[in-house]
Each structure stands twice: as structure tokens, then as C-alpha cells.
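Asks: In terms of the numbering used here, the sequence shown is residues 1 to 193.
Be a bit skeptical, because a hint or two may be false.
As the list claims (entries may be wrong) - Here are the simulated BS3-like cross-link-like pairs (lysine-lysine), alpha carbons at most 27 Å apart as the crow flies: (1) Lys-164 - Lys-114; (2) Lys-164 - Lys-117; (3) Lys-182 - Lys-92; (4) Lys-98 - Lys-182; (5) Lys-77 - Lys-114; (6) Lys-101 - Lys-182; (7) Lys-77 - Lys-182.
Stated by the list, open to error - Distance windows between CB atoms, simulated: (8) Phe-30 - Phe-95: 19 to 27 Å; (9) Lys-97 - Arg-157: 20 to 28 Å; (10) Lys-101 - Ile-13: 32 to 40 Å; (11) Thr-8 - Gln-83: 48 to 56 Å; (12) Asp-66 - Ser-186: 28 to 36 Å; (13) Lys-98 - Ser-2: 48 to 56 Å; (14) Gly-61 - Leu-188: 25 to 33 Å.
Calculated directly from the structure, the hints in this document are not laboratory data.
Using N, Cα and C, we set each Cβ at its ideal position, and we do this for glycine too.
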Amino acid sequence: MSLKRKITLTVRIILVLAVFVAGLGAGLYFFLPRYLESKIIPKLVTETGSADFAFNVRHIGIYGADLGALRIGPEQKPTLLIQSAQIDYTPKELFQKKIEKMALSGIELYGEIKDGKFALRSIDLDEAIAKLQSNRASMPESEGNLPPIFLREVEIRNAVIIMKTDDGTHRLPFDIVVAPDKEDYSHLNLTAS
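Working from the sequences, and respecting the hints, build out all of it.
Replies: Structural data, given as C-alpha cells:
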């Protein structure tokens, strides 16, 4: 084979690989956010008992995701609002079901105290807990003890609990950083203010 023919063959192979990589990247860029919006997150939310859920995918890529305007509960009276959720990961960590960091900011959690009991606005806590326990009981025993994804660090910034009581409405601002020591979440390092 002549040198000219070898160069032409090498250029064609590189061109085919470049088109394949570009197509794969474009497919992930357009498909992944829609898949996340339509399948993954709604499934997680319905497992916890809330069907009223909305969010916006700002960016999703190989090394992280940025979600915004997350809402759980009815639009007029939401239970939970999150202005921004940033998730940092690598492809290797995702394959190992690990996420480096999740940073949530601009959180508003609405609750109330009725008859001496805490309740979330628009969500029945007893029903949500019963649903979680039944989903966990239906899992095989080997999967039931471990969380589906290990989070190395969760950071909550600019959060507030808005609590309605007989005395009026109270706002409790807080920031929290949680970093588990072990993957079974048996030991947690917690910093709160």
C-alpha cells in the first residue's frame, strides 16, 4: 500500500470517529435532559408520594448538571421550592453510582404545626413514609440496605423553613453541609448554621 493511500485511509478513519463522537455528544446533549425530566426525576418523586412536581434543566453534561426552579406540591401552595440544584460528578463516578457533590440553594420548605403535630403543606407525611417503606420492602434484601446513589457531600445554602403555627408564621433560615464518612451513611459529618 502506498503512503498516499495510507494517509487517505487514516484521514477517513479519523473523520468517521470525529463524526461518531460529535453525534454521540449531540445525542447526549439533547437526549439526557429530556430523559432526566421525563423519566428519572418524576419516578423518584412519585416514589415519595407527591405527584405535583416541576423543574427546569438548565444544563446537563458529562461532568455535572444544573437544575433550577424545582417545585414539589401545587403551584399555588408548594411544599418545597429550590431555586438551584448543582450536581457535580464524573462519568466514572456515575458508573459507580457516586456523586461528588450536590449543592442546593434558595430553598423554601413550607410546614405547619396542627394539633401538636408537624405537617408539610400539601403533602401527607404518613402516606409518603408508608410509600417509601413499602417500596423499600419490595426491594431485594441486598439492595434494601444501601442507597441507590452515594453522595459524597450535600450542601444546602440560603435555605429557610417557613412554619405556620397558631401564633403566626415563623421563618427559620439555615445552611447545612453533610458529608458521610461511609457509603452506608452510618456516620455523617454535619455542619449547620
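Asks: Hint by hint, note whether the structure agrees.
Replies: Results of checking the hints against the structure:
| no. | hint | verdict |
| --- | --- | --- |
| 1 | Lys-164 - Lys-114 | holds (9 Å) |
| 2 | Lys-164 - Lys-117 | holds (12 Å) |
| 3 | Lys-182 - Lys-92 | holds (19 Å) |
| 4 | Lys-98 - Lys-182 | holds (12 Å) |
| 5 | Lys-77 - Lys-114 | holds (17 Å) |
| 6 | Lys-101 - Lys-182 | holds (15 Å) |
| 7 | Lys-77 - Lys-182 | violated (37 Å) |
| 8 | Phe-30 - Phe-95: 19 to 27 Å | holds (22 Å) |
| 9 | Lys-97 - Arg-157: 20 to 28 Å | holds (25 Å) |
| 10 | Lys-101 - Ile-13: 32 to 40 Å | holds (39 Å) |
| 11 | Thr-8 - Gln-83: 48 to 56 Å | holds (54 Å) |
| 12 | Asp-66 - Ser-186: 28 to 36 Å | holds (31 Å) |
| 13 | Lys-98 - Ser-2: 48 to 56 Å | holds (51 Å) |
| 14 | Gly-61 - Leu-188: 25 to 33 Å | holds (29 Å) |
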